[in-house]
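Undergrad: Chain by chain, the residues:
Number of protein chains: 2
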Amino acid sequence: MNNPPRQEKPYKELAPIHDPRDELCDFEIQENFKRFNQVNEIYCRGQWDARIRSDKVIDWFKSMFITGINVKERDGFRLKDFALKNAGWSGANLVIQRSLDRGRTDGFLDNIAEYEPPNQDKVTVDDPEQMAAEMKQVCKFFGADIVGITSTDLRWHYSNSFDAKKLEEKPHGIPEGLNNTIVIGTEMARDVIKTYPSATAGVATGYGYSKDAHTLQCIAAFIQGMGYRAAASLNDTANRIPYAIQAGLGEYGRHGLVITKEFGPRLRFGQIFTDLPLRHDKPDKFGVKEFCQICRRCSDACPPKAIPESKPQSEIINQSNLIGVRKWTVDAEKCFKFWTDQGTECGICIRVCPYNKASTNWYERLYFTFWRWLAGTSLRGLALWLDIKLGFGGPKSSSWWWKKGSGW
Amino acid sequence: MNNPPRQEKPYKELAPIHDPRDELCDFEIQENFKRFNQVNEIYCRGQWDARIRSDKVIDWFKSMFITGINVKERDGFRLKDFALKNAGWSGANLVIQRSLDRGRTDGFLDNIAEYEPPNQDKVTVDDPEQMAAEMKQVCKFFGADIVGITSTDLRWHYSNSFDAKKLEEKPHGIPEGLNNTIVIGTEMARDVIKTYPSATAGVATGYGYSKDAHTLQCIAAFIQGMGYRAAASLNDTANRIPYAIQAGLGEYGRHGLVITKEFGPRLRFGQIFTDLPLRHDKPDKFGVKEFCQICRRCSDACPPKAIPESKPQSEIINQSNLIGVRKWTVDAEKCFKFWTDQGTECGICIRVCPYNKASTNWYERLYFTFWRWLAGTSLRGLALWLDIKLGFGGPKSSSWWWKKGSGW
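So the sequence lines, in the order shown, correspond to chains A and B.
Heads up: the first sequence runs through residues 1 to 408, numbered per our numbering.
Heads up: the second sequence runs through residues 1 to 408, numbered per our numbering.
In case anyone wonders, no lab produced these hints; they're calculated from the structure.
All values reported here derive from a predicted model rather than from experimental measurement.
The hints are all genuine.
So the derived list for chain A, only partly shown, Cβ under 10 Å to chain B, looks like this:
no.: 1; residue: Ala83
no.: 2; residue: Ala87
no.: 3; residue: Gly88
no.: 4; residue: Asn119
no.: 5; residue: Ala133
no.: 6; residue: Glu134
no.: 7; residue: Tyr207
no.: 8; residue: Ile219
Residues from chain B that keep clear of chain A, each with C-beta distances beyond 12 Å, as calculated:
no.: 9; residue: Phe33
no.: 10; residue: Arg53
no.: 11; residue: Pro128
no.: 12; residue: Asp275
no.: 13; residue: Gln342
no.: 14; residue: Trp371
Where is the CB? At the ideal position from N, CA and C, for every residue including glycine.
Starting from the given sequences, assemble the full structure and let the hints guide the process.
TA: Dropping the structure here:
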């Protein structure tokens, strides 16, 4: 960093730190809560922080764009696996590249810039409930699997964004007055994820970003065409996890991911901030917190032991954590070091999570519905035992995936 | 046009006009066969041909990018319908815009330019059959619904492409030596298509292009990462219809579209030309030609009567047709005039085609499998009667679609 990150005041000196929905969301916000500064995100630190930026980290960044780095003669790490992983990123790369010459990294450090200003003609919205229903229909048409709507909550917005060119912090640039937030969730690939931590499985992440970027752009363009403002946000601008929970899409899990009814933690989130009038959804609970309290599948399986085995706590582990929230907190430094040591990303915690069940046919759907119900009762211990006994959670070899013949 | 289109010699003076697969594909190529010149495509003529380029045509082109033109206070033509349609194009627009400053219209007039040259390390391909199976897996992963592979056939490549800036013809620019062609088919939206000819239904086309562009880029990037060349082609460079038939994806229908087993004519095609060694597929017939001979659902339903009621013939109707193939030929001028008169596109022929059946659950799939079998027997008349009797083919109102609640 050319300049040290600005020390932000505790949030309570700026605005109220509590929100009526916090109890419904199980958010335990402490008095010392501060907004997160994007410069402290582990990927940003990989660019400016000498304690993180090793040769392996530099190679890892390069390997996202250049196929051939980190290739090994080992199942899941061959050239074709890396070619697949990087091909998955093509759509996202197109979005990133679009505004690079204006000093923006759309979708990762900066929100996805509008194509055009909003249409001057405006659709009149008499009924925000109907508008929300139509909006969800449109989001699903453009590829969202689940959609929730909530109010914009500045607590989750980064205090500053990271400028990758100047290696400095900068304002995040979301305009004011976009008081509604649409949160979309899109399923990550069902089968290839079973091969984590292979390079092959990295395509689930890359293609996930590409698909999301595409979906978000279409949704934002629709809102702009209707005459309203819309800022689409992928990995930039705000913490996605609390937004997804507030929008009713799921609960917080031990691995720091949102667990949804539909896909467990096997999905990605994106957001659109807008001034289009929309009715908000309510948070929803189905027993995840209590289940995660007895389950250690993710923390047991995590190779660098980055996931906590203990209870939720408010102490941070390092500067890549959010200050002032009592929760399970992942050690992002350990996690990222494992990624860069092996030369690709990891998602073992997604793979082994008992809520990660793919329902492709009626009997799987039936079993999963039953299982999720059981996991939400006091018999959750039985549900966990059953999950282990039935052999869910993999892993599968990459050569198994390549031979499969069906795509996803 | 600044210069008149070059008069190409009959193809037989360049190369053999017949191919061993033609009989399997029901291609009847005449001695006077010429390759198609892209400048004669109706959308290109809309830009340079004074006989086509009316004020309505100019408005139609503008309305693809500017939401608000052609809006009417009528179901299916309101501002939100146009906003939806145009939002669907966002992904494709990003691909188009990418190379505009280099005088290219990627995906529409020019093939989709490579991101990077092929990787210098090359995957060894010992078994083109296995490679083809893996390639299909990858295509499906990246969003293709059906995939076929055939050899590159220069008969279907445009003799020249159109330069929209200079209003001139130019070489189409696909490099030589890309002898294998991967054809992908992606399903068009199932329900909104029932509202054709509304503006709402136009989203099926726009989003279809966006999704295809995205899928094709990912596939091409995968091949390039494997060390081989790949030129991805959407609406540019070559006739997609004969390629899809040669690759075994379906048969030619009265409406000039390929009818597939999986989606009937309700899908889009894209291609990747490559030097990656791949085993080829064989053309496949399931009785479409014989069925189309007795069925007139598309030609009866076509508002401007652009679809022939008569037998296949080799005479062309106007310069937007391919010369020297005996087939059902659509009058592109009449078709396009209807589009621009109503200010959006039309796909009634897709909607009413009896092969356009959406199979979303097991009993629909069962019925459709039975129906397709029946349509392929001498009882095809009964199959047609049944289709009409059961009320397939719509239309539905746009307000029905907006209220539906499920996305696709």
